[in-house]
Amino acid sequence: SAVISQKPSRDICQRGTSLTIQCQVDSQVTMMFWYRQQPGQSLTLIATANQGSEATYESGFVIDKFPISRPNLTFSTLTVSNMSPEDSSIYLCSVEEYGNTQYFGPGTRLTVL
Amino acid sequence: QKEVEQNSGPLSVPEGAIASLNCTYSDRGSQSFFWYRQYSGKSPELIMFIYSNGDKEDGRFTAQLNKASQYVSLLIRDSQPSDSATYLCAAKGYTGRRALTFGSGTRLQVQP
Chain E
1 SAVISQKPSR DICQRGTSLT IQCQVDSQVT MMFWYRQQPG QSLTLIATAN QGSEATYESG
61 FVIDKFPISR PNLTFSTLTV SNMSPEDSSI YLCSVEEYGN TQYFGPGTRL TVL
Chain C
114 QKEVEQNSGP LSVPEGAIAS LNCTYSDRGS QSFFWYRQYS GKSPELIMFI YSNGDKEDGR
174 FTAQLNKASQ YVSLLIRDSQ PSDSATYLCA AKGYTGRRAL TFGSGTRLQV QP
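As they're listed, the protein sequences go chains E and C.
Heads up, the first sequence is in the numbering used here, so the first residue is 1 and it goes up one at a time.
Heads up, the second sequence is in the numbering used here, so the first residue is 114 and it goes up one at a time.
Simulated from the structure, these hints should not be mistaken for laboratory data.
You may find that some hints are simply not true.
[To be verified] Dumping the calculated DMTMM-like pairs for lysine to aspartate or glutamate here, alpha-carbon to alpha-carbon at most 25 angstroms: (1) C:K180 to C:D140; (2) E:K7 to E:E86; (3) E:K65 to E:D87; (4) E:K7 to E:D64; (5) E:K65 to E:E54; (6) C:K155 to C:E128; (7) C:K155 to E:E97; (8) E:K7 to E:D26; (9) C:K155 to E:D64; (10) E:K7 to E:E97; (11) C:K155 to E:E86; (12) C:K180 to E:E96; (13) E:K7 to E:D87; (14) C:K155 to E:D11; (15) E:K7 to C:E128; (16) C:K180 to C:E128; (17) E:K65 to E:E86; (18) C:K169 to E:E96; (19) C:K155 to E:E54; (20) E:K7 to E:E58; (21) C:K169 to E:E97; (22) C:K169 to C:E158; (23) C:K169 to C:E118; (24) C:K155 to E:D87; (25) E:K65 to E:D11; (26) E:K7 to E:E54.
On a predicted model such as this, the values are computed, not experimentally measured, just so you know.
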């Protein structure tokens, strides 16, 4: 499976600031996804990031709050804007391989004070 | 609302026993189903997927799918303490939607 890395692995941020999370894959992939996992909860899809097109956001998530870039087939960023303590979560990127299976990066643990 | 339901557990089994994890889904259009294992503080790790009715075996793991009952299960044979983790069931929906819908996960505890 593809090797996926995320930066940063964790961060502590102040309310009202923004953080950009990077996701790098060691091979070209068509589909990339961003998920959020709040403490003690399961994974919730934020958006699907396709290269060359706008990200597709799930209900409850908006581009102004979670802008996403997908400049090529191996890289994507997710920005968490104007953060509040409710944004404290683990943010995970995933990629689809072989047309069906999804693999996850190691995650970014975000704490907002 | 397309949902995937799991019993949150914890499910406790003795070492060497069979652990049975269950999942139901509401969207009849779901095409394939995935089991992930997630250790505390780690990201989900794919165990296996299934898309045809019946059983699929991979080592100590067997996934079972019954589309008529909208039911998916994961059996872990010869459970080991290292299998103690949260197991997430996920469904891939209708054609065109590539993202996964996850259940809330079942916490498994294997007692030595």
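Comparing the hints with the structure gives:
Note on K180 (chain C) and D140 (chain C): the hinted pairing holds, with a Cα-Cα distance of about 10 angstroms set against a maximum of 25 angstroms. About 21 angstroms separates the Cα atoms of K7 (chain E) and E86 (chain E), which keeps this hinted pair within 25 angstroms; it holds. At roughly 10 angstroms between alpha-carbon atoms, K65 (chain E) and D87 (chain E) fall within 25 angstroms of each other, so this suggested pair holds. Annotation: proposed proximity of K7 (chain E) to D64 (chain E) holds, straight-line Cα distance about 21 angstroms (limit 25 angstroms).
Between K65 (chain E) and E54 (chain E) the alpha-carbon distance is near 15 angstroms, which keeps this suggested pair within the 25 angstroms criterion. Restraint check: the Cα-Cα separation between K155 (chain C) and E128 (chain C) comes to about 23 angstroms, which is no more than 25 angstroms; the hinted pair holds. A hinted pair counts as satisfied when its Cα atoms are at most 25 angstroms apart, and K155 (chain C) with E97 (chain E) qualifies at roughly 21 angstroms. Distance hint between K7 (chain E) and D26 (chain E) is fulfilled; the C-alpha atoms sit about 14 angstroms from each other, no more than 25 angstroms.
Of the pairs offered as hints, the one joining K155 (chain C) and D64 (chain E) is violated, with about 29 angstroms between alpha carbons and a cut-off of 25 angstroms exceeded. With a CA separation close to 21 angstroms, the supplied pair K7 (chain E) and E97 (chain E) stays within the 25 angstroms bound. The suggested pairing of K155 (chain C) with E86 (chain E) holds, with an alpha-carbon distance near 21 angstroms, which does not exceed 25 angstroms. Between K180 (chain C) and E96 (chain E) the alpha-carbon distance is near 23 angstroms, which keeps this suggested pair within the 25 angstroms criterion.
Between K7 (chain E) and D87 (chain E), the direct Cα distance comes to roughly 17 angstroms. Compliance with the 25 angstroms bound is thereby established for this hinted pair. Simply put, K155 (chain C) and D11 (chain E) have alpha-carbon atoms about 16 angstroms apart, close enough for the 25 angstroms limit, and the pair holds. Only pairs whose Cα atoms come within 25 angstroms are accepted, and K7 (chain E) paired with E128 (chain C) is rejected, the gap being roughly 37 angstroms. The hinted pair formed by K180 (chain C) and E128 (chain C) fails the criterion: a straight-line CA distance of about 31 angstroms is larger than 25 angstroms.
With a C-alpha separation of about 13 angstroms, the suggested pair K65 (chain E) and E86 (chain E) falls inside the 25 angstroms cut-off, and the hint holds. Between K169 (chain C) and E96 (chain E) the alpha-carbon distance is near 21 angstroms, which keeps this suggested pair within the 25 angstroms criterion. Taken as a hint, the K155 (chain C) and E54 (chain E) pair is broken in the structure, with Cα atoms around 29 angstroms apart against an allowance of 25 angstroms. The suggested pairing of K7 (chain E) with E58 (chain E) holds, with an alpha-carbon distance near 23 angstroms, which does not exceed 25 angstroms.
Under the criterion of a C-alpha separation no larger than 25 angstroms, the hint pairing K169 (chain C) with E97 (chain E) is consistent with the structure, at around 20 angstroms. The straight-line distance between the Cα atoms of K169 (chain C) and E158 (chain C) is roughly 18 angstroms, inside the 25 angstroms bound, and the hint therefore holds. Proximity of K169 (chain C) to E118 (chain C) is assessed by CA-CA distance (about 21 angstroms); at most 25 angstroms being required, the pair is judged to hold. Between K155 (chain C) and D87 (chain E) the CA atoms are separated by roughly 19 angstroms; this keeps the pair inside 25 angstroms, and the hint holds.
Restraint check for K65 (chain E) and D11 (chain E): the C-alpha separation of about 18 angstroms stays at or below 25 angstroms, so the hint holds. Proximity of K7 (chain E) to E54 (chain E) is assessed by CA-CA distance (about 22 angstroms); at most 25 angstroms being required, the pair is judged to hold.
Violated hints, listed in ascending order, are 9, 15, 16, 19; each of the other numbered hints is respected by the structure.
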